[in-house]
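2 protein chains.
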Amino acid sequence: MLNPDWKPDASSPLPVYKQIEQYIREKVLHGEWPPGTRLPSHRALSALFGVNRSTVAAALNLLSASGLLEGNRGGGTVVRSGPLEPSTSAVKAPIWMNAADEGIHYPNLPVIQTINRMEAASGVIRLGTGELSPELLPHGSYNQLLAELSRCRRRLSYPEPQGCPQLREAIARHAAADGIRASAASVLVVSGSLQALHLISVGLLPRGAAILTEKPSYLYSIHAFQSAGMKLIGLPMDKEGLQTEKLADAAAAYSASLLYTNPTFHNPTGRTMSMERRMQLLEQARASGLSIIEDGAYNELWIDHEPPPALKSLDSEGRVLYTGTLSKSFSPGLRIGWVIGPEPVIGRLADIKMQMDYGSSMLSQETAALWLSSGRHEAHLVHIRSRLRERRDHLLELLHRFFLDIAEWDKPSGGFYIWIKLTVTVPLRALFEAALAEGILLNPGDLYDRNDRQHLRLSYAYASAAEMNGAVPALSAIVRRLAKTERQES
Amino acid sequence: MLNPDWKPDASSPLPVYKQIEQYIREKVLHGEWPPGTRLPSHRALSALFGVNRSTVAAALNLLSASGLLEGNRGGGTVVRSGPLEPSTSAVKAPIWMNAADEGIHYPNLPVIQTINRMEAASGVIRLGTGELSPELLPHGSYNQLLAELSRCRRRLSYPEPQGCPQLREAIARHAAADGIRASAASVLVVSGSLQALHLISVGLLPRGAAILTEKPSYLYSIHAFQSAGMKLIGLPMDKEGLQTEKLADAAAAYSASLLYTNPTFHNPTGRTMSMERRMQLLEQARASGLSIIEDGAYNELWIDHEPPPALKSLDSEGRVLYTGTLSKSFSPGLRIGWVIGPEPVIGRLADIKMQMDYGSSMLSQETAALWLSSGRHEAHLVHIRSRLRERRDHLLELLHRFFLDIAEWDKPSGGFYIWIKLTVTVPLRALFEAALAEGILLNPGDLYDRNDRQHLRLSYAYASAAEMNGAVPALSAIVRRLAKTERQES
Numbered sequence: 393m394l395n396p397d398w399k400p401d402a403s404s405p406l407p408v409y410k411q412i413e414q415y416i417r418e419k420v421l422h423g424e425w426p427p428g429t430r431l432p433s434h435r436a437l438s439a440l441f442g443v444n445r446s447t448v449a450a451a452l453n454l455l456s457a458s459g460l461l462e463g464n465r466g467g468g469t470v471v472r473s474g475p476l477e478p479s480t481s482a483v484k485a486p487i488w489m490n491a492a493d494e495g496i497h498y499p500n501l502p503v504i505q506t507i508n509r510m511e512a513a514s515g516v517i518r519l520g521t522g523e524l525s526p527e528l529l530p531h532g533s534y535n536q537l538l539a540e541l542s543r544c545r546r547r548l549s550y551p552e553p554q555g556c557p558q559l560r561e562a563i564a565r566h567a568a569a570d571g572i573r574a575s576a577a578s579v580l581v582v583s584g585s586l587q588a589l590h591l592i593s594v595g596l597l598p599r600g601a602a603i604l605t606e607k608p609s610y611l612y613s614i615h616a617f618q619s620a621g622m623k624l625i626g627l628p629m630d631k632e633g634l635q636t637e638k639l640a641d642a643a644a645a646y647s648a649s650l651l652y653t654n655p656t657f658h659n660p661t662g663r664t665m666s667m668e669r670r671m672q673l674l675e676q677a678r679a680s681g682l683s684i685i686e687d688g689a690y691n692e693l694w695i696d697h698e699p700p701p702a703l704k705s706l707d708s709e710g711r712v713l714y715t716g717t718l719s720k721s722f723s724p725g726l727r728i729g730w731v732i733g734p735e736p737v738i739g740r741l742a743d744i745k746m747q748m749d750y751g752s753s754m755l756s757q758e759t760a761a762l763w764l765s766s767g768r769h770e771a772h773l774v775h776i777r778s779r780l781r782e783r784r785d786h787l788l789e790l791l792h793r794f795f796l797d798i799a800e801w802d803k804p805s806g807g808f809y810i811w812i813k814l815t816v817t818v819p820l821r822a823l824f825e826a827a828l829a830e831g832i833l834l835n836p837g838d839l840y841d842r843n844d845r846q847h848l849r850l851s852y853a854y855a856s857a858a859e860m861n862g863a864v865p866a867l868s869a870i871v872r873r874l875a876k877t878e879r880q881e882s
Numbered sequence: 393m394l395n396p397d398w399k400p401d402a403s404s405p406l407p408v409y410k411q412i413e414q415y416i417r418e419k420v421l422h423g424e425w426p427p428g429t430r431l432p433s434h435r436a437l438s439a440l441f442g443v444n445r446s447t448v449a450a451a452l453n454l455l456s457a458s459g460l461l462e463g464n465r466g467g468g469t470v471v472r473s474g475p476l477e478p479s480t481s482a483v484k485a486p487i488w489m490n491a492a493d494e495g496i497h498y499p500n501l502p503v504i505q506t507i508n509r510m511e512a513a514s515g516v517i518r519l520g521t522g523e524l525s526p527e528l529l530p531h532g533s534y535n536q537l538l539a540e541l542s543r544c545r546r547r548l549s550y551p552e553p554q555g556c557p558q559l560r561e562a563i564a565r566h567a568a569a570d571g572i573r574a575s576a577a578s579v580l581v582v583s584g585s586l587q588a589l590h591l592i593s594v595g596l597l598p599r600g601a602a603i604l605t606e607k608p609s610y611l612y613s614i615h616a617f618q619s620a621g622m623k624l625i626g627l628p629m630d631k632e633g634l635q636t637e638k639l640a641d642a643a644a645a646y647s648a649s650l651l652y653t654n655p656t657f658h659n660p661t662g663r664t665m666s667m668e669r670r671m672q673l674l675e676q677a678r679a680s681g682l683s684i685i686e687d688g689a690y691n692e693l694w695i696d697h698e699p700p701p702a703l704k705s706l707d708s709e710g711r712v713l714y715t716g717t718l719s720k721s722f723s724p725g726l727r728i729g730w731v732i733g734p735e736p737v738i739g740r741l742a743d744i745k746m747q748m749d750y751g752s753s754m755l756s757q758e759t760a761a762l763w764l765s766s767g768r769h770e771a772h773l774v775h776i777r778s779r780l781r782e783r784r785d786h787l788l789e790l791l792h793r794f795f796l797d798i799a800e801w802d803k804p805s806g807g808f809y810i811w812i813k814l815t816v817t818v819p820l821r822a823l824f825e826a827a828l829a830e831g832i833l834l835n836p837g838d839l840y841d842r843n844d845r846q847h848l849r850l851s852y853a854y855a856s857a858a859e860m861n862g863a864v865p866a867l868s869a870i871v872r873r874l875a876k877t878e879r880q881e882s
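Heads up: the sequence lines are chains D and P, in that order.
To convert, note that position 30 of the first sequence is 422 in my numbering; the numbers rise steadily by one, no gaps.
To convert, note that position 208 of the second sequence is 600 in my numbering; the numbers rise steadily by one, no gaps.
I should point out that these hints are in silico values taken from the structure, not numbers from a laboratory.
Treat each hint with caution, since some may be false.
Given that identical chains are not distinguished, each listed pair holds provided it fits within a single copy or across any two copies.
Unchecked claim - With a straight-line Cα cutoff of 25 Å, these simulated BS3-like cross-link-like pairs (lysine-lysine) come out: (1) Lys484 - Lys631; (2) Lys803 - Lys623; (3) Lys803 - Lys399; (4) Lys638 - Lys607; (5) Lys410 - Lys631; (6) Lys803 - Lys813; (7) Lys803 - Lys484.
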């Protein structure tokens, strides 16, 4: 997990391998890299430091000779855990190094870790990224909001854990426009809707609970529920969304009491649940006692026509907990999302949120409240909907030209994603690696369904038209090359 | 957990009891108060709505008569869980109501919940609050920062989960001034240092791990570790801080591999660990293989003289994870704290932070980076140190006048707290309630040590001198009254 942000200075009189040796020596001697720390591979270090591998080898050899580093059984290099001097033989290493592997919470999936690391790299075309391109974000308005806020007097104290009243009222009004009836007391402000899932997982469910969801599902790409000891039960989808006829049976078979669904512009498939299906879902939930988490992250981002109403707007029993966010439209960096639900449930979640981070940034909350209540949000949505339409149509056209004979897809009517199904056989991991080697970052389907072998989640929200023009033909060529290899091997 | 923010309109032609009836009816019919929701007591509702109890009773009687509410076994009132109409008898209630009691994470302690609620009320004198008074927070500088930021161009995208590089560099420089050697790669930005404890609890420790700490300790007032299944083992303190001679034995007896300590201006006792004791602690930790979390929240807030160096500055093995915060000096509402430690450990915590909230608010991070790197922070500390000195001396003088014969205390040389030990017998719960009835909010000692029966944590950071002038004599009178009752009863 080391991620050095240092590079040797080529203009220094000290040879580069000596600079690297000194850098690592200081990291070890000052405890930043304690005994047992695994070093990245020679190849990775040479990339990180921008030097060739023999230079890295020369530096590591010096460090091994002086006893600071040693080889481990896996063929890698680690910081030496034995005593450096005989006199310190009674010293026991701190627990951290093993403990990090023992912790309760799962690490991110390796592919997700790679995606995160590569998203920060320059020159990579992000063809799967679930966020708006920087060019679609409202930089000017954002600075206007800050200028307005710089003229306000405020409390700098601890926030109300449930969220500042002005923002909760603005969210309640915003939700009312979508037919969701909620007072400010029914709203919890969270630091992005991912946090909402985490709070729900530790706040509302017994350990070992089963959670029903669509398969594929965004939930499989994160560990919010699994790390809290929950099981995910994936249910099949069709073009109208989650299939509801088996819902009651699945709920009974797994003693599940909760369903997570993303009915509108579903991540990753882009599908939208029909109105009829929504009514069936609520009916089934009533009959089987299921509660529902409705992820409404993409609801506002329709392109062709407004989607059917949110499940929450059809719920008069307090059966649905609705999550919304500003990350998909305004600013992901603001970290503002919300949960709308029954007041006692919101109170319980607010109590846990207080124990975890004492409430979300007041500055983010103030900015979000001003953004929503000033009318800027609606105007901005009109703008990005038309930009998303252009981008979607552009990507569809490219797919039509370069993927027609090797893949299938549906046209999404909103959200960010096209879920393409490859009709030739290509190992997804090899495809991910080969694309990355050509500077194209993909979200393979197995992130959303462990057994998936043939889908990619493409996004038209992030990459520019010019980037798509380069990446889509390149990706098509990679798929054809790998499919050919696969045929020859089988 | 209901916390209605609505009040009836006295100028409306509709009688107040009818307004209350309509308000509750709508809450129930729209699912904001689902079946099973427990209503607050008549007394609490009359306080919340600002009406007398007979008015509340009239409204609730109407609602019970129409079948929306019913009594529960405990003598309270709940939203009726049975079907309202025979035709809907197949409907099963959503899980939320029970599930909220079943969730993994513990709720806040009841006294903490009361304190949180009352802190938001007006007219309450907060004599125990662990934060700076609003009059000590830098409102003007804060607005200058926002004005500067409104002229910057920024990325509005998702943050780097570990924290934005500019802030991590500013934190590393800030820590260097305290002798802590850390590069930006060794720093994790968190949404307040409470979040750091939560990340450590689920990220670095196996379930059931034992954690050593001072007794009393701030850790007992929160559930960060207990909710993750950890056990706290409290060790005795003396005037030099945590007693180290029994440390190795305790570590062995409980198989503990981690110690949480707040060595400088300790919460709640105000004590500071001596230099000699710090050296002994590190020696013991080395001998017994203990890792250390050092909570440095109050380190900068010295009043009389600089405290001994942080444990982290004496650590060259990566044994200490150090947590710091801007909440105690600059703005609690910004929600910015940090962890400094070995890079692999920081990487593991950043990976989990990403899964929980995808990184802290970028706007808060930008503000914090500008605050720290502009030199404003140091100038502000000089200012608040002298204000804290005045406040501490004022509270000590009041204690001397009103508590000399009924309590003992030490003079703290920094931080926020005076830990007073009552030398007369007074039940702490009764004292808390009696003080609250007179508008004085206290932090009783049993929040920090379940078995404590005689301490109060007073704070000179929040209440004004005028408020202290009123509250301290009043509190003295309450203690004397309760002590007398106690003597008569025994």
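The hints, checked one at a time:
Taking the shortest alpha-carbon separations for lysine 484 and lysine 631, neither the intra-copy value of 59 Å nor the inter-copy value of 29 Å comes in at or below 25 Å. In this homomeric assembly, lysine 803 and lysine 623 never come within 25 Å of each other (Cα to Cα): the closest approach is 32 Å inside a single copy and 53 Å across copies. For a Cα distance limit of 25 Å, the shortest separation of lysine 803 from lysine 399 qualifies neither inside one copy, at 46 Å, nor across copies, at 49 Å. Taking the shortest alpha-carbon separations for lysine 638 and lysine 607, only the intra-copy value of 13 Å comes in at or below 25 Å, while the best inter-copy value is 54 Å.
Neither within a single protomer nor between protomers do lysine 410 and lysine 631 lie at most 25 Å apart by alpha-carbon distance, with minima of 61 Å and 48 Å respectively. In the homo-oligomer, the alpha carbons of lysine 803 and lysine 813 lie at most 25 Å apart inside one protomer (13 Å), although the nearest pairing across protomers, at 71 Å, exceeds that limit. In this assembly of identical chains, the alpha carbons of lysine 803 and lysine 484 never lie at most 25 Å apart, being 60 Å within a copy and 37 Å across copies at closest.
When held up to the earlier numbered hints, the structure conflicts with 1, 2, 3, 5 and 7 and fits the remainder.
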